Amino acid sequence: MNIDTLRFPHFESPPEVDALRQEVRAFLAEELTTVKPVMRSNTWDGVDPAFSRKLGARGWLGMTLPKTYGGHERSMLERYVVVEETLAAGAPVGYHWIADRQSGPMVVRLGTEAQKHKIVPAIARGEACFAIGMSEPDSGSDLASVKSRAEKVPEGWRLNGTKLWTTGAHRANYMIALFRTDSSPDAKHRGLSQFLIDMNEVSGITPRPIRDLTGRRHFNEVSFVDALLPADALLGKEGDGWKQVTAELAYERSGPERYLSCFVLLTELVKILKGGNANAEILAKLGKEIAWATSLRNMSLSVAGMLSAGQDPSLQASVVKDLGCHFEQRLPGLAQELVELEPTLAGTGVDYQQVLGNLMQLAPSFSLRGGTLEILRGIIARGLGVR
Amino acid sequence: MNDTQKMLEDSVTRLFSDLITREALTRIEETTWDVPLWQAITDLGLPQVLISEAREGMGGSWVDAFLVARACGRHAVPAPVPEQMLAGFLCDQASLLLPAGIAGVLPAPVPVAALKGDNASFSAARVPWGRHADFFVGLTEAGHLVMLSNTGVTVREEANLAREPRDHLTFEATPLIGHAAGGLPADSVRWLGALLRSAQISGAAAACLELSVKYTSERVQFGRALSQFQAIQHHLAEIAGEMASVDTMAMVACRAFDARGINGTDRNARFDIAVAKCRASEAVEPITRLSHQVHGAIGFTYEYDLQFLTRRLWSWRAEFGAQGEWGKYLGGVAMDQGGDQLWPYMTA
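Top line first, the protein sequences correspond to chains A and B.
Residue numbering for the first sequence follows my numbering, starting at 137 and increasing by one per position.
Residue numbering for the second sequence follows my numbering, starting at 175 and increasing by one per position.
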């Protein structure tokens with residue numbers, strides 16, 4: 137094991153990044169004046185297509201993608217600033233979230249020219265909503281065991297099977313999904329391929345929303361019954377699905393969303409403590425979490441710098457997500473300890489209580505989505521050379 | 175890290191790898207001082223790292239000092255290298271030359287009332303390696319640098335858990351050998367001491383992780399290496415995460431100090447230093463607990479290296495303020511800024 141592989145290198149942020157930050161902050165301050173804290177605490181589950189279009193109009197979506205396809209060719213650090221500012225403010229980024237984060241870069245890297253010209257500009261405008269078809273009823277963390285099948289037919293591909301926990305599938309225009317194109321027993325990993333599915337043009341696909349424990353419907357079970365895809369719906373190469381999906385997950389695990397889901401709660405906690413009499417013990421506990429937030433922020437910034445510099449930050453990104461989800465999950469419990477107010481449902485109680493109530497319920501998902509805590513720790517262990 | 179910094183870190187690491195053996199650590203823990211070790215440290219110029227080139231120093235930054243202090247932590251170096259660098263910095267900031275010899279750094283501000291003409295009378299608690307100092311350096315409550323000789327000093331020997339000297343000193347009409355106004359706030363030693371200890375904690379944490387990975391990869395139980403067990407892998411991953419968090423913040427805080435200092439009331443490096451020491455001190459608990467856990471009984475013995483690191487970590491956690499003190503500072507910052515300004519302040 138070489139300890140240097142675990143370090144988070146420093147990257148100087150160029151002056152244009154600071155200017156951009158101020159611009160984004162001013163825009164958000166104006167856009168979000170009427171959005172209540174409890175709504176803000178939904179962060180990347182909050183959906184507002186009009187807001188996404190406004191971000192797109194500002195040039196703040198598809199920022200790193202090529203101009204040829206409607207992107208803006210800005211740096212990863214500039215995109216990072218937009219993402220962290222929108223998340224810290226609790227802006228409703230859910231409509232464009234997946235498209236901007238991973239699907240856009242995937243299509244640019246692997247799509248056909250026609251797909252790139254059609255889809256990437258829509259992503260940059262904030263008009264494309266993407267879903268990710270990975271998990272299945274019998275395949276969660278063990279993603280390589282997916283059974284949903286894609287068969288080659290004269291018209292293209294025929295899809296059968298079920299995808300599960302598919303966030304936003306009921307509103308998505310597109311889905312990038314992992315299917316088995318080779319079922320022979322020795323083809324576990326190389327039998328997988330990814331498909332780019334136009335949800336509005338393909339029949340035989342039925343999303344069934346699943347209520348989560350808060351009562352809301354944001355994820356789905358999606359059934360595919362003889363869904364016919366054109367031949368060019370294959371994304372990348374047949375049999376490369378595993379390799380591609382692993383690269384895709386790196387996008388999912390590298391962003392600041394892995395510690396900022398609860399930032400609105402930290403903001404509201406400070407507000408309510410400021411209004412009361414916070415003693416030294418309370419201040420110390422609050423301060424320790426501010427220290428965590430700040431250290432995670434610096435680590436996350438380093439990951440963005442590594443991406444910008446063309447380095448592979450997958451180990452560092454897993455460390456941030458592991459520490460970040462602990463931080464996010466700890467915060468509601470700590471807040472409850474510091475302020476003796478009951479968590480409430482939206483609409484009753486003060487803002488702080490509503491935010492607490494919302495995030496307390498959402499918190500269990502933080503260490504599940506985008507790879508469970510246990511999977512991430514396995515990746516870190518591999519980085520340490522013990523797996 | 176630039177090439178010069180890489181060279182500095184490499185040469186320091188080489189020196190410590192050669193000299194700081196288990197036998198040396200055991201021996202120096204008894205004698206508390208090793209002349210050849212200190213000679214090698216001064217030969218490498220480490221006391222000069224934070225002294226400007228104009229005063230014949232290395233002209234290094236706090237990032238350079240971070241690399242040296244982290245290496246000291248990683249090798250459990252039983253000598254006051256970080257303190258000596260700090261003494262050089264304090265003198266340099268007051269435009270004074272650091273005298274030859276071993277400097278003792280006074281952790282707390284010297285009361286203004288203690289100074290009477292050309293001498294000083296007061297007592298100082300927990301002075302690192304105080305008994306070995308040829309002279310002492312500190313800041314007064316007014317922020318002036320004072321340099322004191324070591325005559326008229328009564329030493330009551332004390333030590334931290336790692337047997338590093340932390341002496342109680344009584345100065346009785348001790349001659350003042352230097353006195354100058356400087357550009358640093360009066361509480362600088364506490365803040366910069368906290369910064370250096372954060373770097374040392376990062377280094378010792380890295381060494382705990384390295385030992386834990388090595389030991390669990392070699393030790394076989396139930397027919398396989400301990401590191402093959404998922405429960406053990408998760409312990410190792412947790413140590414790694416805590417170490418990385420501490421390391422990142424200590425480095426960030428050193429950069430922040432280079433760029434912004436700790437003068438004035440604007441958003442300066444105080445915030446980053448408080449975050450660094452708060453995190454470093456808090457991380458000591460999981461890092462030491464899990465490192466010992468994966469080592470089993472062998473890690474609890476004196477013959478095995480882990481204890482040289484963990485005993486230091488337990489002491490360094492408290493020195494220059496534990497997580498409670500720094501957390502309280504950060505909580506206070508949040509109260510001053512208010513909820514809506516917290517994020518802008520953090521990211522400023």
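Please keep in mind that the hints were generated in silico from the structure rather than gathered at the bench.
It is possible that part of the hints are untrue.
Only part of the chain B face toward chain A is listed, based on derived beta-carbon distances under 7 Å [stated by the list, open to error]:
{"no.": "1", "residue": "G219"}
{"no.": "2", "residue": "S401"}
{"no.": "3", "residue": "Q407"}
{"no.": "4", "residue": "V426"}
{"no.": "5", "residue": "V449"}
{"no.": "6", "residue": "E456"}
{"no.": "7", "residue": "A496"}
{"no.": "8", "residue": "G501"}
{"no.": "9", "residue": "Q515"}
Here are the simulated lysine to any residue pairs, SDA-like style, with alpha carbons at most 25 Å apart [to be verified]:
{"no.": "10", "chain 1": "B", "residue 1": "K388", "chain 2": "A", "residue 2": "K421"}
{"no.": "11", "chain 1": "A", "residue 1": "K324", "chain 2": "A", "residue 2": "V361"}
{"no.": "12", "chain 1": "A", "residue 1": "K421", "chain 2": "B", "residue 2": "R196"}
{"no.": "13", "chain 1": "A", "residue 1": "K421", "chain 2": "B", "residue 2": "W488"}
{"no.": "14", "chain 1": "B", "residue 1": "K388", "chain 2": "A", "residue 2": "N138"}
{"no.": "15", "chain 1": "B", "residue 1": "K180", "chain 2": "A", "residue 2": "K421"}
{"no.": "16", "chain 1": "B", "residue 1": "K388", "chain 2": "B", "residue 2": "E204"}
{"no.": "17", "chain 1": "A", "residue 1": "K407", "chain 2": "B", "residue 2": "G498"}
{"no.": "18", "chain 1": "A", "residue 1": "K324", "chain 2": "A", "residue 2": "N336"}
{"no.": "19", "chain 1": "B", "residue 1": "K388", "chain 2": "A", "residue 2": "D362"}
{"no.": "20", "chain 1": "B", "residue 1": "K180", "chain 2": "A", "residue 2": "V361"}
{"no.": "21", "chain 1": "A", "residue 1": "K421", "chain 2": "B", "residue 2": "D361"}
{"no.": "22", "chain 1": "A", "residue 1": "K373", "chain 2": "A", "residue 2": "Q497"}
{"no.": "23", "chain 1": "B", "residue 1": "K180", "chain 2": "A", "residue 2": "H146"}
All of these numbers come straight from a predicted model, not from anything done at the bench.
A virtual CB, placed ideally from N, CA and C, is assigned to each residue, including glycine.
Results of checking the hints against the structure:
1. G219: violated, 24 Å
2. S401: holds, 4 Å
3. Q407: With Cβ-Cβ at 4 Å, under 7 Å, it holds.
4. V426: With a minimum Cβ separation of about 5 Å from chain A (threshold 7 Å), the hint on B/V426 holds.
5. V449: holds, 5 Å
6. E456: Hint holds; B/E456 Cβ to chain A Cβ min 6 Å, cut 7 Å.
7. A496: Given a least distance of 10 Å, the restraint on B/A496 is violated.
8. G501: holds, 3 Å
9. Q515: Violated. Min distance 9 Å.
10. B/K388 / A/K421: violated, 35 Å
11. A/K324 / A/V361: With Cα atoms ~23 Å apart, A/K324 and A/V361 stay inside 25 Å; holds.
12. A/K421 / B/R196: violated, 38 Å
13. A/K421 / B/W488: Given that 25 Å is the threshold and the Cα spacing comes to 20 Å, the pair holds.
14. B/K388 / A/N138: holds, 11 Å
15. B/K180 / A/K421: violated, 37 Å
16. B/K388 / B/E204: Not OK: B/K388 and B/E204 at ~28 Å, beyond 25 Å, violated.
17. A/K407 / B/G498: holds, 21 Å
18. A/K324 / A/N336: violated, 31 Å
19. B/K388 / A/D362: violated, 53 Å
20. B/K180 / A/V361: Violated, at about 59 Å.
21. A/K421 / B/D361: Satisfied, since the Cα-Cα distance of roughly 24 Å is no more than 25 Å.
22. A/K373 / A/Q497: Not OK: A/K373 and A/Q497 at ~40 Å, beyond 25 Å, violated.
23. B/K180 / A/H146: With Cα atoms ~14 Å apart, B/K180 and A/H146 stay inside 25 Å; holds.
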